[in-house]
Amino acid sequence: MKALVWHGKEDIRCDTVSDPEIEHARDAIIKVTSCAICGSDLHLFHNYIPAMMPGDIMGHETMGEVVEVGSGVNGKLKKGDRIVVPFTIICGECDQCKRGNFSVCETTNRNKHMAEKVFGHTTAGLFGYTHLTGGYPGGQAEYLRVPYADATHIKVPDGMSDEQALFLSDIFPTGWQAAAQCDIEPDDTVAVWGCGPVGQMAIRSAILLGAKQVIAIDRIPERLAMAEAGGAITIDFDKESVVSRLNELTDNKGPEKCIDCVGFESHISMAQPDSVLDRAKQMFMLENDRPHVLREIIYVCRPGGIVSIPGVYSGLSDMVPMGALMNKGLTIRTGQTHVNRWTDELKQRIEDGQIDPSFVITHTVPLAQGPEMYRAFRDKQDSCVKVVLKP
Amino acid sequence: MFHFSNLVRSKGDPKIISTGPSSLTSADRLARGLGWFSIALGTLELLAPHRVTNALGMHGREGLVRTYGLRELFAGVMTLSVEKRAGLMSRMAGDGLDMVTLAGELRPSNPRAGTVLAALVMVGGITALDYMCAQDLKAQHDPRRGRKRLYTDRSGFPKGITAAKGAALPKPTRTAAT
Chain A
0 MKALVWHGKE DIRCDTVSDP EIEHARDAII KVTSCAICGS DLHLFHNYIP AMMPGDIMGH
60 ETMGEVVEVG SGVNGKLKKG DRIVVPFTII CGECDQCKRG NFSVCETTNR NKHMAEKVFG
120 HTTAGLFGYT HLTGGYPGGQ AEYLRVPYAD ATHIKVPDGM SDEQALFLSD IFPTGWQAAA
180 QCDIEPDDTV AVWGCGPVGQ MAIRSAILLG AKQVIAIDRI PERLAMAEAG GAITIDFDKE
240 SVVSRLNELT DNKGPEKCID CVGFESHISM AQPDSVLDRA KQMFMLENDR PHVLREIIYV
300 CRPGGIVSIP GVYSGLSDMV PMGALMNKGL TIRTGQTHVN RWTDELKQRI EDGQIDPSFV
360 ITHTVPLAQG PEMYRAFRDK QDSCVKVVLK P
Chain B
0 MFHFSNLVRS KGDPKIISTG PSSLTSADRL ARGLGWFSIA LGTLELLAPH RVTNALGMHG
60 REGLVRTYGL RELFAGVMTL SVEKRAGLMS RMAGDGLDMV TLAGELRPSN PRAGTVLAAL
120 VMVGGITALD YMCAQDLKAQ HDPRRGRKRL YTDRSGFPKG ITAAKGAALP KPTRTAAT
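Heads up: the protein sequence lines correspond to chains A and B, in order. Counted from 1, the first sequence has number 78 at position 79 by numbering that gives the first Met the number 0; the numbering is strictly sequential. Counted from 1, the second sequence has number 133 at position 134 by numbering that gives the first Met the number 0; the numbering is strictly sequential.
Think of the hints as simulated: they come from the structure by calculation, not from any bench. A virtual CB, placed ideally from N, CA and C, is assigned to each residue, including glycine. Possibly wrong hints are sitting among the right ones.
Pairs of lysine-lysine residues, derived as DSSO-like cross-links and limited to a Cα-Cα distance of at most 27 angstroms, are as follows [to be verified]:
#1 B:Lys147 x A:Lys379
#2 A:Lys280 x B:Lys137
#3 A:Lys346 x B:Lys170
#4 A:Lys346 x A:Lys78
#5 B:Lys164 x A:Lys346
For each label pair, taking beta carbons as the anchor points, the in silico distance ranges come out as [what the hints assert, rightly or not]:
#6 A:Leu315 x B:Arg144: 19 to 27 angstroms
#7 A:Leu315 x B:Val7: 56 to 64 angstroms
#8 A:Leu315 x B:Ser9: 28 to 36 angstroms
#9 A:Asp250 x B:Gly165: 15 to 23 angstroms
#10 B:Leu105 x A:Pro320: 29 to 37 angstroms
#11 B:Leu43 x A:Leu315: 31 to 39 angstroms
#12 B:Lys147 x A:Pro320: 31 to 39 angstroms
To give an idea of the chain B side of the interface with chain A (calculated C-beta under 7 angstroms), a few residues [said to hold, decoys possible]:
#13 Ser4
#14 Lys10
#15 Thr114
#16 Ala118
#17 Arg144
#18 Lys164
Using the sequences provided together with the hints, build the complete structure.
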């Protein structure tokens, strides 16, 4: 089969690989009908996330049709079922899964020993990500083996298109969780840093959850325009001061709820000297992350507010203003998304016509064009916001 | 074709049979080559400066060559990073410094003047390569490439924004009229 394979920094290739096989009784194999490139795939593209290996198949936003089922799936899936595959692999049985903390499932990471050394305790296995999270082959391929398939799936209702359902795998629940964990109240201002796909979903989620105003921060015109179309007031940080404008929009109080949809690869600019210093340190392995956005959020957030971080951070971040964080009494909520905690509800919202996540798709191309689309998405060429690949 | 990474894959995981075209552009590959060249030259200058000074008749300037080696290593690391253009710019600035230093050694009393001239020509050629590579990278990774579109019609709310505002909030429960 064809698959997008990581060969090293900025080197993704559309390779011919062997087909996946059922390995355990709870596995299933799907024929992929749609998959997408996620912003966090770019962290792997840039080789910032440790423990990638040449030959790893990319992709964690995938859906398709079940073509083979292991003996232990126990009737939860059958051939022909259309499913979306959540990017977090879950057993559904461990203590964390029972609590709904699916992204920290205690069972599915097959490289637990590595995760325990790096994180202290294991987190869930993830598709198409680092070997720290199991090194499972990803879904930017013609076929995908889904481990623990009896729990790791979202059935697609009849009548729902691939484009509407696909983002239940990651970006829609990720944006939703980012907003939901802000405990939004009707008089809240929610500020969202980063108008990439997750930022766009967080903006719409905050609107649905009843925020008084939603403010979107970015520098790419088409992303800001898309954010505005979704009901946000926009701030172009290349043209105006984020802190001043946010204070102006909130009677100098600061936004109550702040969402960091940027993560550790914040934009590098001489106008943000800390980002230049971070990049220099990152280059010489003196720091993993560029937490400019996190610093700005902690500075501008209203005292007593909530900081939600769906953006990916990889390791060690320097100069995070702990004094401001502590003295202002801010609450930080973060984590990889507990996808299955939200999907039944979100599926219903799509069916009810409250939201149609397909709005974010700007490019649909064959899988073979994946390598060039990684470049286009990274370089933000051709007004690229979200790429869907069709195997 | 044999791929080492196939050895560590588990039984059911796909293994590479043959590789396809890469996302790396020709300019990316050239930049990578120049980055490694910087690392090699920088290491030589840092660890064996006397070899360089002997070859160029620059005896007694080993300290300067070591400093240049360090500079070359920094430029190499930057050129191998995602910010390749910044690395190439830094390499070009370094090339300029190298050329000024070499030009100063082109004195008639230097028995190695011929080697210095050859080195000057070589540095000039590599500077041209750095420049071309930086220009190619700029063109290939230019965010202005492709169509420009604004997505002003993409609200994502089939029923409109007004209907969407607060739509996920629990509906107030009705109290029976008394």
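Verification of the supplied hints:
Restraint check for Lys147 of chain B and Lys379 of chain A: the C-alpha separation of about 10 angstroms stays at or below 27 angstroms, so the hint holds. A threshold of 27 angstroms between alpha carbons decides the hint, and for Lys280 of chain A with Lys137 of chain B the separation of about 24 angstroms falls inside it, so the pair holds. The suggested pairing of Lys346 of chain A with Lys170 of chain B holds, with an alpha-carbon distance near 19 angstroms, which does not exceed 27 angstroms. Distance restraint check for Lys346 of chain A and Lys78 of chain A: the Cα-Cα separation of roughly 22 angstroms lies within the 27 angstroms cut-off, and the hinted pair is therefore satisfied.
Distance check on the hinted pair: Lys164 of chain B and Lys346 of chain A sit about 18 angstroms apart at the alpha-carbon level, within 27 angstroms; holds. Taking the beta carbon of each, Leu315 of chain A and Arg144 of chain B are about 35 angstroms apart, not inside 19 to 27 angstroms as hinted. Between Leu315 of chain A and Val7 of chain B, the C-beta spacing of about 27 angstroms breaks the proposed range 56 to 64 angstroms. Distance hint check for Leu315 of chain A and Ser9 of chain B: the Cβ-Cβ separation is about 31 angstroms, which falls inside the suggested range of 28 to 36 angstroms.
Against the hinted window of 15 to 23 angstroms, the Cβ-Cβ separation of Asp250 of chain A and Gly165 of chain B comes to about 22 angstroms, which satisfies the hint. For Leu105 of chain B and Pro320 of chain A, the Cβ-Cβ distance of about 54 angstroms falls outside the hinted range of 29 to 37 angstroms, so the restraint is violated. Between Leu43 of chain B and Leu315 of chain A the beta carbon distance is about 33 angstroms. The supplied range of 31 to 39 angstroms therefore holds. Checked against the given bound of 31 to 39 angstroms, the beta carbons of Lys147 of chain B and Pro320 of chain A, roughly 37 angstroms apart, stay inside it.
Satisfaction of the interface hint for Ser4 of chain B is found here, the shortest Cβ-Cβ separation to chain A being roughly 3 angstroms, below the 7 angstroms cut-off. Hint status for Lys10 of chain B relative to chain A: holds, with the closest Cβ pair at about 6 angstroms, below 7 angstroms. Violation of the interface hint for Thr114 of chain B is found here, the shortest Cβ-Cβ separation to chain A being roughly 34 angstroms, above the 7 angstroms cut-off. For Ala118 of chain B, the interface hint is violated, the least distance from its beta-carbon to any beta-carbon of chain A being 29 angstroms, above 7 angstroms.
Annotation: interface hint on Arg144 of chain B holds; nearest CB of chain A at approximately 4 angstroms, less than 7 angstroms. For the restraint placing Lys164 of chain B at the interface with chain A, the shortest Cβ-Cβ distance is roughly 6 angstroms, inside the 7 angstroms limit, so the hint holds.
Consistency with the previously given hints fails for numbers 6, 7, 10, 15 and 16, ordered from lowest to highest.
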